[in-house]
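Chemist: Each chain, letter by letter, is given below.
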Amino acid sequence: MAGSSPGEYIKHHLGNLTYGKLPEGYVRECDGRDTVTLTETTWTFACNGNEAKDMGFAAFHVDSLAWSGGLGIIMCLMFWLVARKATAGVPSGFVNFIETIIEFIDTQVRDSFHGKSKLVAPLSLVIFCWVFLMNLMDLIPVDVVPATFSWIMTSFFGWTAQEAYFKIVPTTDPNITLSMSFCVMLLVIFFTIKAKGVGGFIGTLALHPFEASNPVVKVLLIPVNLLLETIGLLAKPVSLGLRLFGNMYAGEFVFILLAAMMGTWQFIGAWPWAVFHILVITLQAFIFMVLTIVYLSMAVEDH
Amino acid sequence: MNMNATLIGQAIWFALFVFFCMKFVWPPISRALDERKQKIAEGLSAADRAERDLELAQEKATANLKEAKEKAAEIIDQANRRANQIVEEAKDAARTEGERLVAKAHSEIDQEVNQAREQLRKEVAALALSGAEKVLAGEVNQDAHKQMLEQLAAEL
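Protein sequences, first through last, are from chains A and B.
Once you know that position 1 of the first sequence is 0 in numbering that gives the first Met the number 0, the rest is easy, because the numbers rise by one and skip nothing.
Once you know that position 43 of the second sequence is 42 in numbering that gives the first Met the number 0, the rest is easy, because the numbers rise by one and skip nothing.
Excised from the complex, chain A in its bound form:
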């Protein structure tokens, strides 16, 4: 466990394992190591929060990406196995389970999305299951995986315990949730253009919500409309991503606080919160999916 005080403990648990670019002449001041001045631009793991910040945009959260990708691959493999076995006959155990999920998603999509698209249903499936799996990592006791990782890195790779940041819940990383929600926004724009044309898309931005029959007033209203609608367009993905992030971050934070307070007793102490958190996990995955469907549905429908 990194850090002795609860403050340091919590701070360490909220940091991501970051791999990124440090510029030439950067002074590295890592705990437990000599201070080094870089002679050339270097791609490396950040050894503390300051370095991760100084890397700027040219950095990856390796833990978030690995867990989200790994969980996504597991999910796809399960789906693929079922898809290969799927027949019109009587389904068996696991196939039945996946088919239930798929039928559930299908119902949601049919209820909310009235256009025709081959993309929306699988998109919703991936969002729901993937976000659910990523959220589910929250239920693993907070120290188990990071402590294992820390032990491996300090024992075999010569890292210090402070460097071994590791967060296993990808959805507590705003990069992950906002990335997904902005992908959804791009799809919304794509669907709008596909349904209404480029002119129609600009029309939805410029000619609503204030409408006028007089052409002069219409032109006068365009800047106001543009401002409002652009904010509205951007508010959708931001709220979508931040809602998921906020809920999961808060949940994770409670687990970390409980762990900081109770030490090993967290396995008992965090149990009620974990039970309650199962609800949050499922609900947030569901909300993310439903809102995606609703936004896409609004894109293809006339107001």
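Read the hints as simulated data drawn from the structure, not as lab findings.
Quick caveat: nothing in here was measured; it's all calculated off a predicted structure.
For each residue, glycine too, the CB sits at the ideal point set by N, CA and C.
Please note that the accuracy of each hint is not assured.
Example chain A residues on the side facing chain B (calculated, C-beta under 10 Å, incomplete) [said to hold, decoys possible]:
#1 Val26
#2 Gly48
#3 Phe78
#4 Trp79
#5 Val89
#6 Lys117
#7 Val125
#8 Asp172
Chain A is already provided as a structure; the job is to place chain B on it using the hints.
Modeler: For chain B alone, coordinates are given in the frame of chain A:
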């Protein structure tokens, strides 16, 4: 809370998974589910049809049974009638045969009576003749009285 290239990495993962599911997961499973729905619908309608068929078959069987019963009754009736007829015929035949036998017996008896009467008459005639012969002895000429005697015999 640093915003960085993780955004792009996650977007790539997202696109990959959505693409994979769109190509290889959703279509086959969705198709299988649709097929199953159709199969179940067909099965249900087949069950309905079978039920109707069963009803029809039962109706037909009842009708057949009824017909067979009627036929059997008719046949039994016919047989009874025929049996009666045969009995009647047999009775008739027996009666005629009996009558014939009785008639025959009667005629035989008559014949024998006649024969006996004839013989008796002849014997009586002969007896009378011999008696008369003895009584009359030489007085009576056999030849002269023969005709009278025969007349006598015939009257007996």
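Chemist: What hints, given by number in increasing order, does this structure fail?
Modeler: Hint 1 is the one this structure does not satisfy, whereas the remaining hints hold.
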